[in-house]
Amino acid sequence: MSAADGARRARPRVRPPAGRALGAGAAVLAALVVGHVVTSAFPVDERVAAPFVREGDVGDTLDLRYARLTVEEPTGSTVLAPEVGSLLATPGVWLVVPVTVEAKGQPRALAFAELLGGDGRTYTVFTGGRSAFLPGAAQPGVPRHATLHVEVPPEAVAGARLRVGLDVEDQRHDDVAEVDLGLTQDDADAWSTDDTPVRAPAASDAPPEQP
Numbered sequence: 001m002s003a004a005d006g007a008r009r010a011r012p013r014v015r016p017p018a019g020r021a022l023g024a025g026a027a028v029l030a031a032l033v034v035g036h037v038v039t040s041a042f043p044v045d046e047r048v049a050a051p052f053v054r055e056g057d058v059g060d061t062l063d064l065r066y067a068r069l070t071v072e073e074p075t076g077s078t079v080l081a082p083e084v085g086s087l088l089a090t091p092g093v094w095l096v097v098p099v100t101v102e103a104k105g106q107p108r109a110l111a112f113a114e115l116l117g118g119d120g121r122t123y124t125v126f127t128g129g130r131s132a133f134l135p136g137a138a139q140p141g142v143p144r145h146a147t148l149h150v151e152v153p154p155e156a157v158a159g160a161r162l163r164v165g166l167d168v169e170d171q172r173h174d175d176v177a178e179v180d181l182g183l184t185q186d187d188a189d190a191w192s193t194d195d196t197p198v199r200a201p202a203a204s205d206a207p208p209e210q211p
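In my numbering, the protein residues as written are 1 to 211.
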């Protein structure tokens, strides 16, 4: 063994002071904790993807980016009378909601609608099928009168809220109307036992006929 090797082996191993090691570990742990708190307190993905919800009540005109929208008084029954085809019966309730759309800037065809039921469930309203919303193209400055109809269980009626938007597949970063329909348990009880057909007329630029 050479003198140099002996010197290297004899040299004492230097360790950092205990306080410094503990301090470094605490700093790393604190950084991890803070990072977890930040990502937990601010869910960036959900926040960025959320639509801009514009709330209102029946009869209010909501000013959206692409249209002015008014939801009128809903009606209900166990039997629906569509504009075309035979009567449709349900063991639940048919909700029929008049909607007036006035496009802004260019023609618009609103295609997204869903009912936030009072039972905590969400009921999608498609552009075809038993539950439907088919307003067609609304022209700027010309009110477009349409009806939305959705089939729900009686327990979804009281406290239901209607959401309407432009794009059926993607509402991120855009305005969505959310309207409290003002429905009560009395409405649910009455409509769930009523077999008088409720009409769902086709969309038109002409004002709806008054009964």
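Note that these hints are calculated values from the structure, not bench results.
Check each hint, because a few of them may be wrong.
Derived Cβ-Cβ restraints for the label pairs, each shown as a range [claimed, not checked]:
1. Val53 with Leu87: 16 to 24 angstroms
2. Glu209 with Leu87: 17 to 25 angstroms
3. Asp195 with Ala49: 40 to 48 angstroms
4. Asp57 with Gln185: 29 to 37 angstroms
5. Asp194 with Gly85: 33 to 41 angstroms
Note that beta-carbon positions come from the ideal geometry of N, C-alpha and C, so glycine has one too.
A quick look at each hint next to the structure:
{"no.": "1", "hint": "Val53 with Leu87: 16 to 24 angstroms", "verdict": "35 angstroms, violated"}
{"no.": "2", "hint": "Glu209 with Leu87: 17 to 25 angstroms", "verdict": "19 angstroms, holds"}
{"no.": "3", "hint": "Asp195 with Ala49: 40 to 48 angstroms", "verdict": "43 angstroms, holds"}
{"no.": "4", "hint": "Asp57 with Gln185: 29 to 37 angstroms", "verdict": "18 angstroms, violated"}
{"no.": "5", "hint": "Asp194 with Gly85: 33 to 41 angstroms", "verdict": "21 angstroms, violated"}
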